[in-house]
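Protein chains: 4
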Amino acid sequence: MSGSIYGSIFRISTFGESHGAAIGGVVDGFPPNIEIDLAFIQSELDRRKPGQSKIVTQRKEDDEVRFLSGIFEGKSTGTPIAFYIENTNAKSSDYEHLKENFRPSHADFTYQEKYGHRDYRGGGRSSARETATRVVAGALAKLYLKQAGIKITAFVDQVGTVKVPGNVQPDFSVIEENPVRCAHAETAIVMEQLISATRKKGDTVGGSVFCIATGLPAGLGEPVFDKLHAELGKAMLSINAVKGFEYGSGFKGIEMYGSEHNDLFESDGTTKTNHSGGIQGGISNGMPVYFRTAFKPVATIMQKQESINQAGEKIELEGKGRHDPCVVPRAVPIVEAMTAIVLLDFYLRWKAYQ
Amino acid sequence: MSGSIYGSIFRISTFGESHGAAIGGVVDGFPPNIEIDLAFIQSELDRRKPGQSKIVTQRKEDDEVRFLSGIFEGKSTGTPIAFYIENTNAKSSDYEHLKENFRPSHADFTYQEKYGHRDYRGGGRSSARETATRVVAGALAKLYLKQAGIKITAFVDQVGTVKVPGNVQPDFSVIEENPVRCAHAETAIVMEQLISATRKKGDTVGGSVFCIATGLPAGLGEPVFDKLHAELGKAMLSINAVKGFEYGSGFKGIEMYGSEHNDLFESDGTTKTNHSGGIQGGISNGMPVYFRTAFKPVATIMQKQESINQAGEKIELEGKGRHDPCVVPRAVPIVEAMTAIVLLDFYLRWKAYQ
Amino acid sequence: MSGSIYGSIFRISTFGESHGAAIGGVVDGFPPNIEIDLAFIQSELDRRKPGQSKIVTQRKEDDEVRFLSGIFEGKSTGTPIAFYIENTNAKSSDYEHLKENFRPSHADFTYQEKYGHRDYRGGGRSSARETATRVVAGALAKLYLKQAGIKITAFVDQVGTVKVPGNVQPDFSVIEENPVRCAHAETAIVMEQLISATRKKGDTVGGSVFCIATGLPAGLGEPVFDKLHAELGKAMLSINAVKGFEYGSGFKGIEMYGSEHNDLFESDGTTKTNHSGGIQGGISNGMPVYFRTAFKPVATIMQKQESINQAGEKIELEGKGRHDPCVVPRAVPIVEAMTAIVLLDFYLRWKAYQ
Amino acid sequence: MSGSIYGSIFRISTFGESHGAAIGGVVDGFPPNIEIDLAFIQSELDRRKPGQSKIVTQRKEDDEVRFLSGIFEGKSTGTPIAFYIENTNAKSSDYEHLKENFRPSHADFTYQEKYGHRDYRGGGRSSARETATRVVAGALAKLYLKQAGIKITAFVDQVGTVKVPGNVQPDFSVIEENPVRCAHAETAIVMEQLISATRKKGDTVGGSVFCIATGLPAGLGEPVFDKLHAELGKAMLSINAVKGFEYGSGFKGIEMYGSEHNDLFESDGTTKTNHSGGIQGGISNGMPVYFRTAFKPVATIMQKQESINQAGEKIELEGKGRHDPCVVPRAVPIVEAMTAIVLLDFYLRWKAYQ
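Chains as they are written, first to last, in this note's numbering: chain A, 2 to 355; chain B, 2 to 355; chain C, 2 to 355; chain D, 2 to 355.
There's no promise every hint is true.
[As the list claims (entries may be wrong)] The calculated SDA-like cross-link candidates involving lysine to any residue, where the alpha carbons are at most 20 Å apart (straight line), are:
id, chain 1, residue 1, chain 2, residue 2
1, A, K253, A, V169
2, B, K305, A, L265
3, D, K100, C, D269
4, C, K201, D, E256
5, C, K253, D, E256
6, B, K164, B, A198
7, B, K76, D, Q355
8, D, K305, C, E267
9, A, K315, B, E267
10, A, K100, B, L265
11, A, K55, A, Q194
12, C, K305, D, E267
13, A, K202, B, S260
Since the hints were made in silico from the structure, they are not lab data.
It should be emphasised that the depicted structure is a prediction, and the values quoted were computed from it without experimental measurement.
Sequences are here, hints too, so could you generate the full structure?
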C-alpha cells in the first residue's frame, strides 16, 4: 500500500534508491510463453540512460539489467519476473552536502517529514533513476502488446515555448534520429538549441511528451473509476516532474462547442474526427488513443539558490553532479513504458470477459 | 476489478444506471464515531442536482438519499455505509429512439462493443447521473476531513474562452452566489451569458474547474506510483466529460525555467511560491494543494447530427430530453467530492504509520 | 480495506446490520449477457432463511431480495449488480438488554473495543444475518459457473459427535430432503434427534459441512499466495462460527505416509486417488475439489450465563429471541455460495490468460 | 494478480524458482525508522535452511540474503525493501529426468496445464524453496512487532500419529533444543525416531505445527471477509504441503456444546477459557491467538512410483536428490513468518483508525 506496487492483473512492484545497492522490480502477472527479447529490453533502457547525447546529463550509467526469475529457456513462465540494475556509477560524495539540507522543489523536505529518516543521496527513492525499472517492465509489456497488434509511440512535442507546429504531421521515423526525440526534424533543431542555451546558463526548462497508441481493440477500460484515460493519467502523473495530463482534445476542449467537438461516426464504427482521443466513457473505441504529458523544468539548477536545512536555518545551495537541463528527451521511453504497462493490464482485464 | 470500486483504505463501491431502479454506493472503511450530518450530505447533493438554475438542465430529480447501514444513533459505526437514490424522474421514453442507435461522442458504441448488452436508456451506467453517488461518498469524507482541519473548495475558472483573469484573487464567498459557481462575480456574469447563448443555439460548451485543498499535513501521498497528485488526477479524470488535469504550474510549467519554477523555502518550511501545487515527490508539503480539471462540451446537443445504428446504417439524431449546455457549474461539487475521497484515503494511509 | 469487500476480478461489497434498515451488497465484475434467474436466486436465499424446519430458528424473515442495477431485460449488463434485503422482522426490543452488556463468545466486546460505537441490536454487523448477502452473490456466481460446467454441492457431514460413516457414499439426492441437509438419510435422522435434544436443553452444538466442486478445468488457482485452497480457506473461515478448514486429506494427512498419500496418475491425467483434493501446488488439476469446514456451537444459549457489562461489572445473561440450536443446516447454502464466489473469481483470473 | 503479492498495507511481492538465478522479494509498506537487525534475519533463515540436522534434507544451501534497498544507515526508510538469495547449490542435473515427466502429488502437471511452459527443475516456482523469502519478510515484520509487544511462537505438536499429550503444557525453551522443534522434550525424541525410521524406508510422513501469538491489542481484524483468523488461515494454507487450518477449539469445536464452548468473561475483559482462540467476530480480543496447521507427507519419496509423462505414457519414477522425510521441523519458522506478516498488516490497518 505504500505505493510502489502498480496495476491490477499485470502488476509491477519496484524498489531502489539512486545511490543504494540497486534498483529493480518484480513483474507479476506477465503471460507465459512469451519470447523474452533481452536485446530489445536493453535497447529500451539505453533510450532512457544518461549520456546519450550532449543535451542530456553526462553521467555514465550502464544500466545493465539482470533477470532473476520467471524466464526459462528464453520464454516467460507466467511466474514473477524479477530484475535489478546495480547502481555502479553512483557518486554519493556529490550529495554529502545534502545530508541536512533541503533542495528547493525536490522531495528532500517531504520525505523527511513523511518518514523521519531518508536516504538523502541523490534523492534516494524520489530520484528519477527509479524510472529505469519502469522502462524494463514496460519493455516486457511491449513484447506482449506487439503480438496483440498494439503499437505505442511517444515523442517530444514541446520544449519551453518551442512547439511542433499544429499543422505538422508527426514523422515517427525521425524521433530516434534527433537527440530531443521530436517527431519533426526542423523543430527538433530549435528545441536542441534551446536546451543547449539553457544548460549554458546553468538553468533547466520544461517540456511535454505526446504519446499515441494504435491497434487497441474496442472495449479496453472499465467504468466508472478505472476509465482507460484515468489510469493512463495516473500512470503519467506518477512519473517524476510531471505536472499535467490531457488526452484527446484535452484543455483545448474547454474552448470548443459540442457541435464541433463531437466525433461523428463512419459506417464502420470509426469516427471522422478523434477529439475523444480514442476513448468514450472510459472505454477504447478502436481509434488511436493519444495524450500529452507536461513536465516541469528539472529542479536541480547550476545556479546558487537560497534554501533551508533541517534546523530551519537559511543556507545557500548550488547544484553539483551531472543533471539534465531538460527531462523530456529521456522521458519519451518512460512515457511509452508506463503506457505499455497500463495497456497490458487493461488488455488482460478485457480478456477475462472474452 | 470492473472499475466501480475506488480507493485503498477508504473505499467506495458504486452502482446504478440512470434509468434503472436506483443509483447508490457502499462506503467501506469510514472511521467510526463520526457524527453524520444528513442535512449537510443532502445539501451537497442539492448542489449537484439538475434544475437549480436557468443555465443547467431543467430535469427535476429530487435525488433524495436513503442510508441503509453503518450509521447508528447518528454516528458512524465503522462498518460499511450503504445508500441509494431512487431514479424517480427517469423518462425512459426519451431514450427509446436510442435502442439501436449510437450517439456521437457518447459511450453507447463502446458499451455495446465491450458488453454486447447495455441499458441504452439515458446512457445507463455511463450517464453523469452516476456522479451523484460520488457526491454522497465525498460528503461523508468531508465530514471527517473537517475534523482534521482540511478544507476543499472548487469553483469554475473557465467556460469556453471566458476565463477568470489571472490577476484576480478568487473570492470564495461568491461561488455559491452565482449560478456558474465562479469565484469572480464579474466573470460569472459573462460566463452565464455565454452558457445561455450557447443553449439557445442548441449547442454546448466546455469549461474547467479549479480546486484547492488547505490544511493538509505534510506527508500525504505515497511514492512512487501512488503520488498524491497522480491519484487526484485519476480521480478527476474518472469524472464524466473530463479531458485533462494539471496541478501546480501544470501545463504552464512547460514554458518555465527551473530558476523561476523552483519554490524557495521560508525558515518554517513553507515556500515563497507554490508552483509545486503543495506536492513534492508525490507527497504533500503542507502548502495548499491545487489543481485544475478540463471538461469537454456535453455531447448531447439540440441540433441534428448524423450518426450510425448498430447495423452500421447512417441515421440522423437530435438530442431529446433536458440536458446541460455546460457541465461545469454542476461539476464543482463532484470535483470537491472526488478530492475529499482521495484525501481521506491518503489521510488514513498516512495515519497507519503515525 | 475495512474488510467488507472480497474478491479480485469478481468482487462483492456487502453491507448491513441485522437490525438496521437493510442488508445487501454490490457485485462488481459479473460477466455481461448472463440470464439472471431471479427465482433461482430467491430459492437459494430460501435455503438459508430461518424458520424452514423445526430444528432451526423459528424467526420469520422473508428475506426478499430487491435488485437495483446491473440487470437489463433479464440479463446482466456487466456493470455492478446491487441488491438489498429489508430487515422486516427485526425485533430490536429483544436486544435492548444488550446495550451495555457483552455476551460470552459473541463479538459485542471486540466491536466495542475496535470501534467504540456499535449497533448492539442482534449483533449488528457481526450477526450471521450478514451471510444472506453472500448467498445472493453466490447465486449469481452459480448462474455463470453452471454455464461453464462447474457444479458445487455441500452437505452436513457431522453434528456434534454424529458423523456420516466413512464407508458411506454421499447421496446428494437426499440433502434437501432432510432438515439437517445431510447426504446420508439414516445419519440425518440421528443428527436431527441430537439437535432437537440439544435445543430442549437450551443448548447448542457444533457441526461441519462438506463441500465438493466438480467440472473445474485444470489451471485454476495462482501461485504462491493465492492458491486455490488458500482462498477457499479464507472464504470459509470468513463465515460466522467457523473454526477450521481442511481440504483433500486434511488433518488426516498428518498421519499418512507419502507412499500412501501420493495420488498416482492415470494416462489421461486424472489420478487414482484424490488425497490432494483436486489441487496441486495451489492449482486445480481437473479432479473434484473438496473440503470440510468446522462450525462451533452457536454462542447464544437459552441458559443463564455470567458475563460482564461495559463497566466491567458482573452480570447474568440468558439468551432471548429465536436462535439456531445448530448452525450447519442453514450453513450449507452459505458454504456453497462462498465457494461459488471464489471459483468464479479464479475462473475469470484464469480466462485473462487463455 | 498472479498471486505472488500478498497483504494490504504491509505487502510482500516474492519471486524465484528453486533452480533459477535467485529467489527473493520486495517488502512494501514496512514502517520507517526501524532498526534492521541483519543477524536476526539471517538467524531466522538459518532455522529454515536445509542440513541443520540429521532428520532434514542434507542439501547444503547457505541461503545468504542480500538486501538491495529500503535500508539506510541500519534503519528502514519506509521505502520498499528488496532482497534476494542466490541459488548457489542448485543441482539441476538431479531434475533432468523430470523435463517431460509428472511426479505424483507435485505441481508439475498443474503448472504444465496452467502455463504450457514451466521451469521443471526442482519444482521451479512450486518448490518449497520459495518459502525462504517469506522467512525474510516475516523476520522484518517480527522486528516491528517486537517493539509493539507482540510475540509469535510456533512448534511441532504432531508427527504422524505421535502427538504432544493433551495434558502437557508446552515448554517453549526446548523448541530450538531438539531437531524436531517440538515444545515437549520427551515427545520430541519419539518424533525424531519416527522421522528417522520413515527416512530409512525412503518414505515421508506428515505433521502439524501449533502457533501462538501473544501481546496483541484488542481490535485487530476486520469484519466481515478479512477476519483475523480468515487471513491467518489463508496465509497458512498458502504454505507448501499444508492441508488444513484450525484456530481456537478448531475441529474439536464441532463436538462441543455451546454451554461448554462459550468463553466467560473476567471483570477485566479477559476470558476464563479461550476456545475462541483470542478472536471474536474476526477481531482479536486481547487473549492469546492460537492455531494449528496440518502438513501432508512430502510428495518426493525414495521409492519407485508409477507415473506419466507429458505424452500420457506410463513411466516409473524414483526420488533423486536430497529431500525432507518430514517437513514440519523446517516449517516452524515459516509458520511464524507468515503469522508475523499477517499480524503486521492488520496492526497497520488498525493504526489507520487510532
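Q: Sort out which numbered hints this structure fails and list those numbers smallest first.
A: none
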